[in-house]
Amino acid sequence: MTVEQQTVMTGAETDALLGRHETGVLSLARGDEPYAVPISYGYDAGTRQFCMRLVSTPGSQKRRFLTDAPLVRFVVYEETEAAYCSVIADGRLERLPKSELTADHVKRYGTAKRPLFEMWGEPKAELTIDLYELDPEELSGRRIEVD
Amino acid sequence: MTGGTQLTFHCPTCGESMAVNAPMREALLNHGCVVCGTPVPQSAFSAPEPNGDTEC
Ligand SMILES: [Zn+2]
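Protein chains in written order, with full-length UniProt numbering: chain A, 1 to 147; chain B, 1 to 56.
Calculated from the structure, these hints are not laboratory results. Because the structure is a prediction, the values reported are computed rather than measured. There is no bait here: all hints are sound.
Straight-line C-alpha distance at most 25 Å; calculated SDA-like pairs for lysine to any residue:
no., chain 1, residue 1, chain 2, residue 2
1, A, Lys-107, B, Phe-45
2, A, Lys-113, B, Phe-45
3, A, Lys-107, B, Ser-43
4, A, Lys-98, B, His-31
5, A, Lys-98, B, Pro-41
6, A, Lys-98, B, Phe-45
7, A, Lys-107, B, Ser-46
8, A, Lys-98, B, Ser-43
9, A, Lys-113, B, Gly-32
10, A, Lys-107, B, Thr-13
11, A, Lys-113, B, Met-18
12, A, Lys-98, B, Thr-13
13, A, Lys-113, B, Ser-17
14, A, Lys-113, B, Gly-15
15, A, Lys-62, B, Cys-14
16, A, Lys-107, B, Pro-12
17, A, Lys-113, B, Pro-39
18, A, Lys-98, B, Ala-22
19, A, Lys-62, A, Thr-128
20, A, Lys-98, B, Gly-32
21, A, Lys-98, B, Gln-6
22, A, Lys-113, B, Asn-30
23, A, Lys-98, B, Pro-23
24, A, Lys-98, B, Cys-14
Just need the whole structure built from these sequences, with the hints factored in.
Put into structure tokens, the structure is as follows:
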């Protein structure tokens, strides 16, 4: 077996990893029922906040889990030959009412990719895109060096 | 009629529509639709309601 070394990433390393990725896995829960979905995101290293667009259809599973301010865990990871890195963000996902959008929000969401994994095949009228922000209570990164 | 005039933004891709001011219009043109992320054309903006007296 190889010896694995796990280290805590610095804030700057964590910001850099989040900056060079565009997608992650968002986990939601209802009671003891889990729900995880890959989504695209934008990350502002200045405020350490995420912005996300979540697409759902009427009656979709996702919508059942998306209450107004659910507690979530968001995970972004990367694997290279030398290391395996992951960033975990925990916090409350806050829905951003469209009536409260400012030019600043437009700019921030401009850094987030279009919802890559989402179901654009559905008739557009059926799709709801909601905007959410995550200001994590905890944001941490870890690296495992692989020899 | 100037400065703070509200325009209506209507995204041709996702269908979202909302009242916007001048800085919002600039931001949408520069960064794309805030809701769906696709580029926004100039034609996505219009006066919120027609003036009424000149309909043809
Ligand atoms: Zn749109």
